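Protein chains: 2
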Amino acid sequence: MSHLGPLRRGVWAALLGQLLRPPRAVCIRAVGCHSQVAQAVLTSQLKPHQEKPNFIIKVPKGTRDLSPQQMVVREKILDKIVSCFKRHGAEGLDTPAFELTEMLTEKYEDNFGLMYDLKDQGGELLSLRYDLTVPFARYLAMNKLKKMKRYQVGKVWRRESPAIVQGRYREFCQCDFDIAGEFDPMIPDAECLKIMCEILSGLQLGDFLIKVNDRRVVDGMFAVCGVPESKFRTICTSMDKLDKMSWEDVRYEMVAQKGLTPEVADRIGAYVQCHGGISLVEEMSKDPRLSQSQRALQGLGDLKLLFDYLTLFGIAEKISFDLSLARGLDYYTGVIYEAVLLQSRGQAGKGALNVGSVAAGGRYDGLVAQFDPKGHNVPCVGLSIGVERIFYLVEQKMKASGKRVRTTETQVFVATPQKNFLRERLKLIAELWDAGIKAEMLYKNNPKLLTQLHYCEKTYIPLMVIIGEQEQNEGVVKLRTVASREEVTINRESLVAEIQKRLSES
Amino acid sequence: MSHLGPLRRGVWAALLGQLLRPPRAVCIRAVGCHSQVAQAVLTSQLKPHQEKPNFIIKVPKGTRDLSPQQMVVREKILDKIVSCFKRHGAEGLDTPAFELTEMLTEKYEDNFGLMYDLKDQGGELLSLRYDLTVPFARYLAMNKLKKMKRYQVGKVWRRESPAIVQGRYREFCQCDFDIAGEFDPMIPDAECLKIMCEILSGLQLGDFLIKVNDRRVVDGMFAVCGVPESKFRTICTSMDKLDKMSWEDVRYEMVAQKGLTPEVADRIGAYVQCHGGISLVEEMSKDPRLSQSQRALQGLGDLKLLFDYLTLFGIAEKISFDLSLARGLDYYTGVIYEAVLLQSRGQAGKGALNVGSVAAGGRYDGLVAQFDPKGHNVPCVGLSIGVERIFYLVEQKMKASGKRVRTTETQVFVATPQKNFLRERLKLIAELWDAGIKAEMLYKNNPKLLTQLHYCEKTYIPLMVIIGEQEQNEGVVKLRTVASREEVTINRESLVAEIQKRLSES
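Going line by line, the protein sequences match chains A and B. When you number the first sequence by the working numbering, it's gap-free, plus one each residue, and the end is 506. When you number the second sequence by the working numbering, it's gap-free, plus one each residue, and the end is 506.
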């Protein structure tokens, strides 16, 4: 095998034995290896690297790779979320990463410029999906479905200025649960809030609070404060920034950029300070100004019923009616909500600090009709879990705890203390794989036993099968427990059964 | 709740009761409902549908949604594939859906035009990933990793003319397993073939065959046949079409479009007829023309060793050395392979019909160096499972079997035979959810018992909890087994424990 000279084998040994050797040795050998490989690259007509002196290797702005360590965290979190969705009877759905651009236009109002468009390459005009809600509505309309309870886990893309340190990316994963269909008021809405509570409690992220409002209350508030109806949605988008910006800055945007009079803005300002429980809902229903709006009263009526159901679910104390909550997305028509984690400062609860939104959603009763050629509609309510932020928090917690994460699930390592035992190892490991046992070995003709032991310790493989000349002759193998270093000799034929027995016990 | 009038409730009843009522009734009620909803849409400032008379609702060309039924099939298949990858010690990895365009250029030769580019929106030039291999090589180089065994499951995008009937899409899912690092020859390569066999056997797709060749044998063959070296890659791309096109058509492309002389093409034509086992490898090593190429001899030497290991793994009879195999992708440098399903025509094996490639891969020793600014290299070998084709085949098999697929996992349904029991149902179902039990109820204030029974039968929910006035007064509930219609009365407090007991037994 002339393409693998002794130099290459040396590199392998150096890499596997990196615990034992200084890193410099690895580096020198790797460089030595490179010139050999570069030649192979040239002869096989691949472009050599020399042509790109300014080539910087990176991922697109606002995106990232997930390493094996991060994937382990991610899998655990997604498993818990999907389990909860299934516990509530949801079906799975998948939609394409991109949609026809016209399917997405007019759904996101001020945020439309944040969409990733595909280049026109002589076909359809396409854009990457901005959320999972609009594709869901498109799916319902396209398939003429009148009801559906579905979950979807998938990436979405938004060209926002990335603030990566806080777990905000341009490519990020969303986990959505939605209930579509004509139902009695507030029952599915209450279930969505129950799901958010179950997920956030289950993930043990600390204390949290779910802010609730209603688009009709927001619109009614705008109306009675004197906002012209044509500005409802854009003022709503400004108000949505209240969790990131101070009221003063939002007020400035409303007045200087969006043309509200200072008086109108100040009237809004008085309302957005208000938050509380069901008593605030009652109070607002009697508010002399707000109660002039029929829409606001409709919203407040639904919120009262919602709080009743949330009390029966035992989660009312997690919910806060908050008049500052607006939700930036254009398609909401009724109840809206947003979950924030609270970082207790001193005493829990009191003086708690908002560390960011981790889940949100609401009712969108008009979206499906926008897709249906005949305008047939299907009312919907749903929620979206912002898992990137949760990944980040769980990762931080794990780092702080100092616990090491296993990135593989290998149960058995096949080792030999002797030279020329590759063929025996290959036969043995194939038997294990065929029996469904998770097994690894080193891809080396003659590995050192110490290197093999180190590999097991480094990757937390619990069991080791050792085969050598003596074992071979006697028709046995050694089975070693890596942690305790205990070794037993067992018959070659009973190996699989013995391993399966041990694994079922552990 | 004025936005939900009696008309809406009527629609809901009609939809839930669709087994009992003629479909026309549903339709009329839905239209009646629409005018009401359309008004709500207008007042909430969403664009009404009337503005788009030519609006056709569809997904982009070559893409599709996966319905809940399809998602169930997909999840099962992906689970089996990922289990196999984990059995072989692989770690998970995720990379962004798009890469900087410059990261992908010069990796796919003739296929570069098939890439989806993103519009230049005033930032970086980006393209959707074409496979998972190039991003993996980019990841290794970017993180200076010298070895890694990873799997990745994700979507890739190619602007090919979609032939959807055969399970070919422009957006499709790939499941990749790769081993990167300097190892002794053919050990990881043999494991990749073992994994392909385990997955294809495990999915019970019928008989299959894995064609094997080596890029050095292909290049050596081109050289000794008289193909100019500058045309190796483009002639390779033509040869790759042999599974879809006849030799005559491929020959025409080579001669008329790519400028080979007819004599050179015919010499290639003689080799591409050859396929067989290890004896063909031996024979080709002594072929007077082919043995003049050092590169071909290197490839043949590795193939001999590979067959030795495959025999030890017990899978040699599944492997065919096939000189027509080329693999279209530019980056392969050594062993290449492709698995095809065989549809037995009469006798199994003999006269078998190739129904398409379902997995493929190979060795790519030069790709990582293309990313590394200093040209450091990491040899790699891997495989990719073409799951869309497998989804399609399994779906067909399930349809043919007539078996109905459950799309939810709900274990218990909470029902009532009486009016005004919503609050009790809400309290009870929250208890079940909190105990981790998968439970559903109808989102209706006063559902009919028959409607509730039908729902359970339609969605295969095995257990039903029934609560009414009498049960409420006695502090009990009824637990009904939906299939057998057996009912038992149990204490309200022991309900969760009883359900958990029953579920653990089933």
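The reader is advised that the hints may include incorrect statements.
Treat identical chains as interchangeable: a pair holds within one or across any two.
Below, simulated DSSO-like cross-link-like pairs (lysine-lysine); rule was C-alpha separation at most 27 Å, straight line [as the list claims (entries may be wrong)]:
hint	residue 1	residue 2
1	Lys61	Lys478
2	Lys374	Lys61
3	Lys444	Lys241
4	Lys155	Lys86
5	Lys147	Lys58
6	Lys146	Lys231
7	Lys501	Lys241
8	Lys146	Lys61
9	Lys419	Lys448
10	Lys399	Lys374
11	Lys231	Lys427
12	Lys155	Lys501
13	Lys146	Lys86
14	Lys304	Lys427
Just so you know, the hints here were simulated from the structure itself, not pulled from any lab data. Predicted model, so just to flag it, every value in this text is computed and none were measured.
For this session: Starting from the hint list further up, note which numbers the structure goes against and sort them upward.
Result: When the structure is compared with the hints, numbers 1, 3, 6, 7, 10, 11 and 12 turn out to be violated.
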